[in-house]
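2 protein chains.
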Amino acid sequence: MEAFEGAVQRNAVNFSGSGQTFLSSFRSDLKETLLPDDPFRHLKGQPAGAVTVGLLRYFVPILEWAPSYSFAKFKYDLLAGVTIASLAIPQGISYARLANLPPVIGLYSSFVPPLVYALFGSSTSLAVGTVAGASLFLASIIGSVASATEDPQLYSNLFFTAAFCTGVIEAALGILRLGILVDFLSRSTITGFMAGTACIVILQQLKGFLGLLHSTHRTDVVSTSQSLFTQTNQVNFSVHPISEDKTKELLHHLRLKLFWLPVIAPLIVVVVGCVFAYLVHAEDHGIHIVGPLKKGLNPISISDLNFQSKYLSTVLNASLMAAFLALSEGIAVGRSLGILKNEQTDGNKEMIAFGLMNILGSFFSCYLTTGPFSRSAVNYHAGCKTQMSNVIMAICMMLVLLFLAPVFEYTPLVALSAIITIAMIGLIDYEEAYRLFKVDKYDFCICMSAFLGVVFFSMTIGLLVSVMLSILRALLYVARPTSCKLGNIAGTELYRDVMLYPNSKLLSETLIIELGSPIYFAAAGYLKERILRWVEEEENIANKDEHLKHVILDMGGVTAIDNTGIGMLFDVHRNLQKKEIKISLVNPRPGVVEKLISSRYIEIIGGEERVFLSIKEAIALSHFS
Amino acid sequence: MEAFEGAVQRNAVNFSGSGQTFLSSFRSDLKETLLPDDPFRHLKGQPAGAVTVGLLRYFVPILEWAPSYSFAKFKYDLLAGVTIASLAIPQGISYARLANLPPVIGLYSSFVPPLVYALFGSSTSLAVGTVAGASLFLASIIGSVASATEDPQLYSNLFFTAAFCTGVIEAALGILRLGILVDFLSRSTITGFMAGTACIVILQQLKGFLGLLHSTHRTDVVSTSQSLFTQTNQVNFSVHPISEDKTKELLHHLRLKLFWLPVIAPLIVVVVGCVFAYLVHAEDHGIHIVGPLKKGLNPISISDLNFQSKYLSTVLNASLMAAFLALSEGIAVGRSLGILKNEQTDGNKEMIAFGLMNILGSFFSCYLTTGPFSRSAVNYHAGCKTQMSNVIMAICMMLVLLFLAPVFEYTPLVALSAIITIAMIGLIDYEEAYRLFKVDKYDFCICMSAFLGVVFFSMTIGLLVSVMLSILRALLYVARPTSCKLGNIAGTELYRDVMLYPNSKLLSETLIIELGSPIYFAAAGYLKERILRWVEEEENIANKDEHLKHVILDMGGVTAIDNTGIGMLFDVHRNLQKKEIKISLVNPRPGVVEKLISSRYIEIIGGEERVFLSIKEAIALSHFS
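Sequence lines, in order, name chains B and H.
Per full-length UniProt numbering, the first sequence runs over residues 1 to 625.
Per full-length UniProt numbering, the second sequence runs over residues 1 to 625.
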């Protein structure tokens with residue numbers, strides 16, 4: 001053993017972390033939690049003027065890209081803008097119908113918000129528009145206090161109010177940099193939620209199809225639109241927000257020669273449907289059409305916002321959930337496409353842009369908008385270079401609103417049902433569900449609870465139950481941190497879990513335990529019992545000559561400890577002290593060391609000499625200290 | 001580099017974990033979560049008969065200790081039992097008054113429940129009785145639907161019903177082995193909650209003192225009791241459940257020669273007060289006394305249980321919170337004293353015992369009981385050997401109820417106020433609060449929120465806010481797992497955080513990142529940005545000759561990953577692939593490896609050759625594979 005001592009060099013453990021004041025460590029923690037992307041890192045050390053310009057450019061990104069804007073870029077943006085406008089018209093009308101709103105509001109919603117986003121948004125690929133999920137969700141909640149058929153004015157006004165409130169919530173979350181909250185909608189939750197929503201919508205649309213079956217020209221129209229839409233199925237109007245696999249797949253499809261056909265198919269369907277309906281006087285034959293679409297730009301609706309107390313709680317409730325849904329989709333889309341373009345997207349700044357676009361939108365008869373997956377992916381592939389493509393789309397919509405709106409009056413409802421149904425089928429990602437089942441059963445449960453909750457109860461219940469399950473899993477993780485007994489892997493200096501590497505060698509007289517993280521209140525009792533049981537087992541196994549003399553706690557993985565956790569370590573020490581077993585700590589992290597010093601734990605176990613940088617050192621040197 | 005290759009031995013990474021089925025891994029996870037103490041480990045491999053006996057002994061511990069019970073042990077238990085009975089009488093009367101219940105119910109509650117606990121309880125030191133915190137808490141909630149003065153019968157009946165419901169909840173939690181839920185009341189929450197409760201109670205008791213100040217014999221009585229109680233202050237009738245420091249300190253005090261004086265002081269005060277009140281006809285001089293105490297054992301109250309729907313929700317609400325409060329105190333006390341005696345306490349089994357004792361207690365006019373800290377500590381020190389001391393206490397209470405009850409009729413209320421106040425002062429653990437402030441500011445906030453919530457709002461609000469803050473901290477931990485960039489510490493094979501060890505050497509062309517745990521949905525976006533930012537920084541720093549070619553992810557600390565987390569790793573891979581940077585994984589844990597294989601991540605980064613057992617191997621070998 002003496003010979004050993006010479007061979008092992010004692011490396012200084014850094015206790016410097018303990019000099020950090022609470023304020024500075026709190027500030028750095030806060031920064032890491034709320035500003036993980038450190039958006040101002042390039043401004044460090046710059047002169048004040050440059051910082052001001054940098055900050056302004058940060059908050060109003062158009063100042064950054066507009067000055068260097070060129071005709072070369074414009075060509076691309078023009079093409080992309082027209083393309084997404086061709087998608088925006090049928091989608092706008094369809095989703096407005098899904099929300100039981102007058103179809104023209106769907107068109108309005110693709111005019112003002114994209115302009116606002118072009119000013120404040122930072123994603124160069126995101127295309128603004130309404131989404132199916134949030135439309136249906138708002139309809140289900142607002143429909144409970146106002147009737148779309150009996151009092152359509154009140155109903156629309158509540159939608160504008162909800163858009164306003166959603167905007168305020170989004171902007172507030174962004175300003176407070178609480179983007180972290182959106183992180184709590186997991187991919188599994190969204191997969192399940194979207195699929196559930198899609199099922200409900202499809203069942204609803206069946207009414208549209210069935211209604212038509214009793215009319216004369218049914219088969220033709222149905223079969224026409226269906227055959228047309230079979231092609232559009234490839235475009236997969238998915239609003240699935242995070243799946244990048246899907247983006248890739250979709251983009252792959254889009255790169256095919258047939259690119260334009262599926263993208264403009266919905267518009268073609270609508271146009272063909274209109275012409276057909278106009279020619280055969282569809283309405284007389286029982287084919288329902290969209291009906292009057294007033295020419296003209298968005299009417300101002302700021303005075304229509306309704307904050308009456310009897311509706312307010314419902315509207316706020318709807319807005320809060322809608323804000324999370326819309327943000328989780330918009331931000332994930334921005335991030336996913338940003339990664340493809342190798343741009344970093346600042347989620348919190350995007351939230352502010354979404355917030356402003358919904359607030360201003362609500363003043364001009366627009367309802368909730370975000371960055372839908374389908375439209376943004378098309379925008380990206382059509383080659384958009386800057387946010388200008390949103391401006392082009394807005395201009396197209398303006399032209400439609402000013403001159404072409406009446407044309408779309410003849411759109412047969414069944415065509416819209418078909419557009420919606422096809423879009424919805426793309427949302428049912430059964431492959432992802434199957435993958436979840438294979439890879440992670442708990443995630444599969446989270447996904448299914450969202451799906452079943454939405455289908456059998458309500459959208460709110462599905463979402464809440466699923467989020468609760470996700471949070472429960474996180475809490476269980478904290479309550480049961482994985483700890484293990486380590487053994488030496490023969491011929492190396494590595495120490496690994498003895499359960500996993502059964503051939504690893506245990507040491508005599510010494511027990512090495514790797515503690516899981518975090519050591520929080522919920523885990524303290526558990527960890528104490530776990531450690532003491534290992535000690536007990538070790539004592540039972542050991543020969544009479546070889547008493548357990550030394551417990552080494554590998555703290556390398558422990559990134560956080562709280563008061564109850566420290567109390568647990570004291571309890572363990574007290575227990576081992578009675579059995580004359582010494583404790584050594586290996587590689588504790590700065591924040592943890594700090595607390596162990598200020599609570600006098602290090603002092604009680606024998607001072608800094610009992611803290612080591614590696615297990616090897618702890619084994620070789622601890623017997624002598 | 002070639003020379004290097006020979007020097008480094010490649011150690012086999014164990015992928016065997018991936019052979020585990022979902023069911024077996026789920027079962028072992030479930031066992032670790034719900035049965036962390038593995039109570040049946042000694043029954044493994046035993047014959048069926050022995051297992052049956054073992055199980056029976058496990059669930060009815062009296063079968064284990066009664067057969068070997070001896071007179072030698074009985075002597076100790078007798079002494080301890082009489083001692084705790086002397087504490088139980090004044091405490092019982094006091095706490096019943098705190099709950100606005102007839103004082104005799106406090107005495108009843110120290111008769112039946114201890115007998116039940118002696119049958120089913122497993123802690124040899126725990127003494128059963130009522131507690132101040134829960135008494136006050138129940139009074140505040142039940143008092144909101146029933147008046148103690150206007151309808152005392154209903155009021156008491158609701159208390160019995162609450163005891164019944166609490167018992168059912170406790171037993172259910174125990175049977176379902178959900179002891180983990182109690183872990184969510186952290187030590188800081190309880191410190192703050194107890195102190196807040198104590199403040200309210202003391203303010204309430206001031207009424208008692210002030211009421212007396214207007215009467216004749218005031219100064220004498222007040223000063224007498226106060227001077228008497230100054231001594232009892234040392235006993236510190238704390239119900240602080242977890243603090244073992246306190247146990248030790250208290251036990252140290254108790255070991256002093258004056259041991260008996262402070263322990264029986266409350267009884268002396270009551271007896272002296274009674275004699276004094278009887279002699280001077282206190283009631284005539286405006287000194288309020290307890291009043292009629294009926295002789296006789298507990299009346300049966302099973303038919304008094306009130307499950308009317310108009311009270312039920314209040315009662316259930318109160319019961320649920322009371323169950324958590326009572327369990328967290330009782331189990332922590334049992335565990336703490338168990339550690340001193342070197343016994344393991346099974347929290348879930350204790351819950352069943354507590355549940356049965358409250359259910360049966362509610363049939364015999366008892367209200368909520370648990371294992372109070374003060375009484376149990378006295379029991380421990382008085383030398384109790386088995387649960388028999390509870391039986392002795394119950395017998396003493398029976399004798400009091402049968403023959404001596406009327407004696408205590410003359411107890412002056414002010415004496416009870418004094419007993420309560422002194423006990424409450426012991427609950428205000430300002431030293432712990434100061435220590436929290438020094439060691440962990442967040443824990444201090446949790447503690448203060450409980451304290452201020454209880455003092456300024458209500459006990460429920462204080463408790464809920466504080467628990468929410470604790471949970472929030474746990475969630476933040478999960479949302480922002482600590483990750484760091486590693487560097488080589490000169491002259492060793494150790495790789496440590498470069499922020500903490502600034503002299504550690506970074507490698508050219510290779511970036512080593514230690515990932516924090518868990519990689520869950522809430523952290524996925526954050527981790528992706530963190531990793532990509534490090535890569536970006538590295539690329540900016542690197543010379544033009546030395547491109548970053550290799551990212552090593554040290555997964556040793558990652559104990560859990562979910563679907564969103566795996567998606568994040570795919571995103572990172574896709575990003576790095578474009579820059580022709582390879583990824584290696586070091587030391588992933590079995591559960592994680594399994595998911596990485598089934599999701600085909602390992603395959604995509606280049607197969608098992610890219611998974612290493614140590615960083616050293618990953619550096620030396622990864623360029624060649």
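Watch out, some of these pointers could steer you wrong.
[Claimed, not checked] Covered stretches of chain B, going by a simulated chain H footprint (3 or more residues, C-beta under 8 Å):
1. 83 to 90
2. 166 to 177
3. 296 to 307
4. 376 to 388
5. 453 to 462
6. 468 to 481
[Claimed, not checked] As a list, the in silico EDC-like pairs of lysine to aspartate or glutamate whose alpha-carbon atoms are at most 16 Å apart:
7. B:Lys578 with H:Glu343
8. B:Lys579 with H:Glu343
9. H:Lys528 with H:Glu509
10. H:Lys528 with B:Glu343
Hints were generated in silico from the structure; no laboratory data involved.
Please read all numbers here as calculations on a predicted model, not as lab measurements.
A virtual CB, placed ideally from N, CA and C, is assigned to each residue, including glycine.
Legend entry - Given coverage of the segment 166 to 177 of chain B by chain H, tested with a Cβ cutoff of 8 Å and a minimum of 3 residues: violated (count 0)
Legend entry - Coverage assertion for the segment 468 to 481 of chain B with respect to chain H, Cβ distance below 8 Å, three residues required: Holds, because 11 residues of the segment 468 to 481 of chain B bring their Cβ atoms closer than 8 Å to Cβ atoms of chain H.
Legend entry - 16 Å Cα cutoff - pair Lys528 of chain H, Glu509 of chain H: violated (20 Å)
Legend entry - Outcome, coverage of the segment 453 to 462 of chain B by chain H - at least 3 residues whose beta-carbon is closer than 8 Å to one in that chain: violated (count 0)
Inset, instruction - Could you grab the alpha-carbon distance between Lys578 of chain B and Glu343 of chain H and see if it respects the 16 Å cut-off? - result: Within the cut-off at roughly 14 Å; holds.
Legend entry - 16 Å Cα cutoff - pair Lys579 of chain B, Glu343 of chain H: holds (14 Å)
Inset, instruction - Would you check the hint for Lys528 of chain H and Glu343 of chain B, treating anything up to 16 Å between C-alpha atoms as holding? - result: Answer holds: Lys528 of chain H to Glu343 of chain B is near 13 Å, not above 16 Å.
Legend entry - Given coverage of the segment 83 to 90 of chain B by chain H, tested with a Cβ cutoff of 8 Å and a minimum of 3 residues: Not satisfied, violated; 0 residues make the cut.
Legend entry - Within 8 Å of chain H's CB atoms, at least three CB atoms from the segment 296 to 307 of chain B: coverage verdict: violated (count 0)
Legend entry - Coverage of the segment 376 to 388 of chain B by chain H (three or more Cβ within 8 Å): violated (count 0)
The structure is inconsistent with the numbered hints 1, 2, 3, 4, 5 and 9, although it conforms to all the rest.
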